[in-house]
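There are 2 protein chains.
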Amino acid sequence: MAHEKTIWPGSTQLAPVPAVLVGCGDGKTFKYNLITVAWAGTVCSDPAMLAIAVRPERFSFAPISQLKEFTVNLPPVSLAAELDRCGVVSGRDCDKFELCHLTPVAGEKVSAPLVAECPVALECRVTQPIELGSHTLFLAEILAVQVQSDLIDDKGKFDIDRAHLIAYAHGHYYQLGECIGHFGYSVRRKPGSIVRK
Amino acid sequence: MAHEKTIWPGSTQLAPVPAVLVGCGDGKTFKYNLITVAWAGTVCSDPAMLAIAVRPERFSFAPISQLKEFTVNLPPVSLAAELDRCGVVSGRDCDKFELCHLTPVAGEKVSAPLVAECPVALECRVTQPIELGSHTLFLAEILAVQVQSDLIDDKGKFDIDRAHLIAYAHGHYYQLGECIGHFGYSVRRKPGSIVRK
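Those protein sequence lines, which keep their order, are chains A and B.
Residues in the first sequence are numbered from 887 upward in steps of one, following the working numbering.
Residues in the second sequence are numbered from 887 upward in steps of one, following the working numbering.
Looking at chain A on its own, in the form it has when it is part of the complex:
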């Protein structure tokens, strides 16, 4: 069914988007820090790449742009308050790991810290920063992924339902709800459909 529409000026209404804890710093030149980012997305499958957008005035901007490494940690619902807090307080004023009782862990491929309490963490190396306006977009290659071992099932597949990930939409955090289907389900349940050749 179509509905009457209201036209608004362009604004950041894409939703839902991820809400992630980005880890940065190397513990030497730059202290370990966390920044909450919702302007994040996958940008390429091969090589595996993602992008995060960060304002230059943020405390995490210098370590990310100079060290060219960061981690993307997917928090579970039980860490929603910590996720939110890391987007509001600044690493200039506090140690966010300490404030939020989170544990920095060394990466396999990068010097930036992972968050031990997150079920999934992606280790990323910046390939290209792009200044866009309020934000600089960091394109990055995903070098390694650390996943919580007890969430991997017998077939070696990550059991995402037990990870209790968080979505962000228009200023609000959401739990993931009911699973509607998997990629390709609409054609598999209707064998007569045209399938892409």
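Check the hints yourself; a few may be wrong.
Said to hold, decoys possible - Computed, partial: chain A to chain B, Cβ under 8 Å:
{"#": "1", "residue": "Ile893"}
{"#": "2", "residue": "Ser897"}
{"#": "3", "residue": "Ala901"}
{"#": "4", "residue": "Ser931"}
{"#": "5", "residue": "Ala939"}
{"#": "6", "residue": "Leu953"}
{"#": "7", "residue": "Leu1029"}
{"#": "8", "residue": "Ala1030"}
{"#": "9", "residue": "Tyr1060"}
{"#": "10", "residue": "Phe1069"}
Stated by the list, open to error - Listed next, the in silico SDA-like pairs over lysine to any residue satisfying Cα-Cα at most 20 Å (straight line):
{"#": "11", "chain 1": "B", "residue 1": "Lys891", "chain 2": "A", "residue 2": "Trp894"}
{"#": "12", "chain 1": "B", "residue 1": "Lys954", "chain 2": "A", "residue 2": "Gly896"}
{"#": "13", "chain 1": "A", "residue 1": "Lys995", "chain 2": "A", "residue 2": "Arg978"}
{"#": "14", "chain 1": "B", "residue 1": "Lys891", "chain 2": "A", "residue 2": "Asp1047"}
{"#": "15", "chain 1": "B", "residue 1": "Lys1041", "chain 2": "A", "residue 2": "Trp894"}
{"#": "16", "chain 1": "A", "residue 1": "Lys1043", "chain 2": "B", "residue 2": "His1058"}
{"#": "17", "chain 1": "B", "residue 1": "Lys891", "chain 2": "A", "residue 2": "Ala1030"}
{"#": "18", "chain 1": "A", "residue 1": "Lys995", "chain 2": "B", "residue 2": "Thr892"}
{"#": "19", "chain 1": "B", "residue 1": "Lys1041", "chain 2": "A", "residue 2": "Gly1057"}
{"#": "20", "chain 1": "B", "residue 1": "Lys995", "chain 2": "B", "residue 2": "Asp912"}
{"#": "21", "chain 1": "A", "residue 1": "Lys1041", "chain 2": "B", "residue 2": "Ile893"}
{"#": "22", "chain 1": "B", "residue 1": "Lys1043", "chain 2": "A", "residue 2": "Gly896"}
{"#": "23", "chain 1": "A", "residue 1": "Lys1043", "chain 2": "B", "residue 2": "Lys1043"}
{"#": "24", "chain 1": "A", "residue 1": "Lys891", "chain 2": "B", "residue 2": "His1050"}
{"#": "25", "chain 1": "B", "residue 1": "Lys891", "chain 2": "A", "residue 2": "Pro962"}
{"#": "26", "chain 1": "A", "residue 1": "Lys1041", "chain 2": "B", "residue 2": "Lys891"}
{"#": "27", "chain 1": "B", "residue 1": "Lys995", "chain 2": "A", "residue 2": "Pro895"}
{"#": "28", "chain 1": "A", "residue 1": "Lys1041", "chain 2": "B", "residue 2": "Gly896"}
Stated by the list, open to error - Here chain A is said to cover these stretches of chain B; the calculated rule only asks that three of the stretch's residues, wherever they fall, bring their Cβ under 8 Å from a Cβ of chain A:
{"#": "29", "stretch": "896-909"}
{"#": "30", "stretch": "1010-1021"}
{"#": "31", "stretch": "1025-1033"}
{"#": "32", "stretch": "1050-1058"}
{"#": "33", "stretch": "1061-1070"}
In short, the hints are calculated from the structure, not lab data.
We put the beta carbon where it would ideally sit given N, CA and C, even for glycine.
Knowing the structure of chain A, use the given hints to seat chain B on it.
What follows is chain B alone, placed relative to chain A:
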């Protein structure tokens, strides 16, 4: 609590991500078409910008790269099967609007079609294509947003809970579940916390 981790090679494990219907074509040089995209994200607040990643071999690649315009339509849960189907069938073989009983609507700012049945649609103009490997990333400015009028509340705010948007994570589509809190809730409920200056 920290957990034992398993280390995997880099892969596209960022989740949840949006799952959107991208509208393209102008109805003249290129026929109207739809493509389902999960590699999408907001990349800048001012100017409002997003990015989508598309494989060059996809039928929608030529209209997007040549016309430099597309729309991003956020489907409700009731259109999950259509969303999935538009990611599996190709516009080379069929008219996806017709196949899925969706209605193309003219944009205010772009020649690409909006999907009338989607509660939110973003009209986008490509500012920069970036070849990354399997995918080309299209950075785009969001020129206008069309929202379903009856989902705007008395205060002029979009009622996202009634839009029933879809998240995509590791190959599965999800409804948004319970709202956990709004941006800043963790510090507002604890007035003693350090707030970013």
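Cross-check of the supplied hints:
1. Ile893: 5 Å, holds
2. Ser897: Since the shortest Cβ distance to chain B is 5 Å, the answer is holds.
3. Ala901: 6 Å, holds
4. Ser931: With Cβ-Cβ at 5 Å, under 8 Å, it holds.
5. Ala939: 5 Å, holds
6. Leu953: 18 Å, violated
7. Leu1029: Hint on A/Leu1029: holds, closest Cβ of chain B at ~5 Å, below 8 Å.
8. Ala1030: Holds - the Cβ of A/Ala1030 comes within 8 Å of chain B, reaching about 6 Å at its closest.
9. Tyr1060: Holds, about 4 Å.
10. Phe1069: A/Phe1069 check passes; min Cβ-Cβ to chain B is 5 Å, inside 8 Å.
11. B/Lys891 with A/Trp894: Violated - the C-alpha atoms of A/Trp894 and B/Lys891 are around 45 Å apart, more than 20 Å.
12. B/Lys954 with A/Gly896: 17 Å, holds
13. A/Lys995 with A/Arg978: Distance ~26 Å between A/Lys995 and A/Arg978 Cα, so the pair is violated.
14. B/Lys891 with A/Asp1047: 17 Å, holds
15. B/Lys1041 with A/Trp894: 15 Å, holds
16. A/Lys1043 with B/His1058: 13 Å, holds
17. B/Lys891 with A/Ala1030: 12 Å, holds
18. A/Lys995 with B/Thr892: Satisfied, since the Cα-Cα distance of roughly 14 Å is no more than 20 Å.
19. B/Lys1041 with A/Gly1057: 16 Å, holds
20. B/Lys995 with B/Asp912: Answer holds: B/Lys995 to B/Asp912 is near 12 Å, not above 20 Å.
21. A/Lys1041 with B/Ile893: Between A/Lys1041 and B/Ile893 the Cα gap is close to 16 Å, so the pair holds against 20 Å.
22. B/Lys1043 with A/Gly896: Answer holds: B/Lys1043 to A/Gly896 is near 15 Å, not above 20 Å.
23. A/Lys1043 with B/Lys1043: 40 Å, violated
24. A/Lys891 with B/His1050: Since the Cα atoms of A/Lys891 and B/His1050 sit roughly 17 Å apart, the hinted pair holds (cutoff 20 Å).
25. B/Lys891 with A/Pro962: 15 Å, holds
26. A/Lys1041 with B/Lys891: Holds, because 17 Å separates the two Cα atoms, which is no more than 20 Å.
27. B/Lys995 with A/Pro895: Between B/Lys995 and A/Pro895 the Cα gap is close to 10 Å, so the pair holds against 20 Å.
28. A/Lys1041 with B/Gly896: 19 Å, holds
29. 896-909: It holds, with 10 qualifying residues against the three required.
30. 1010-1021: holds (count 6)
31. 1025-1033: Holds, because 8 residues of the stretch 1025-1033 of chain B bring their Cβ atoms closer than 8 Å to Cβ atoms of chain A.
32. 1050-1058: holds (count 7)
33. 1061-1070: The restraint on the stretch 1061-1070 of chain B holds, since 10 of its residues have a Cβ under 8 Å from chain A and three suffice.
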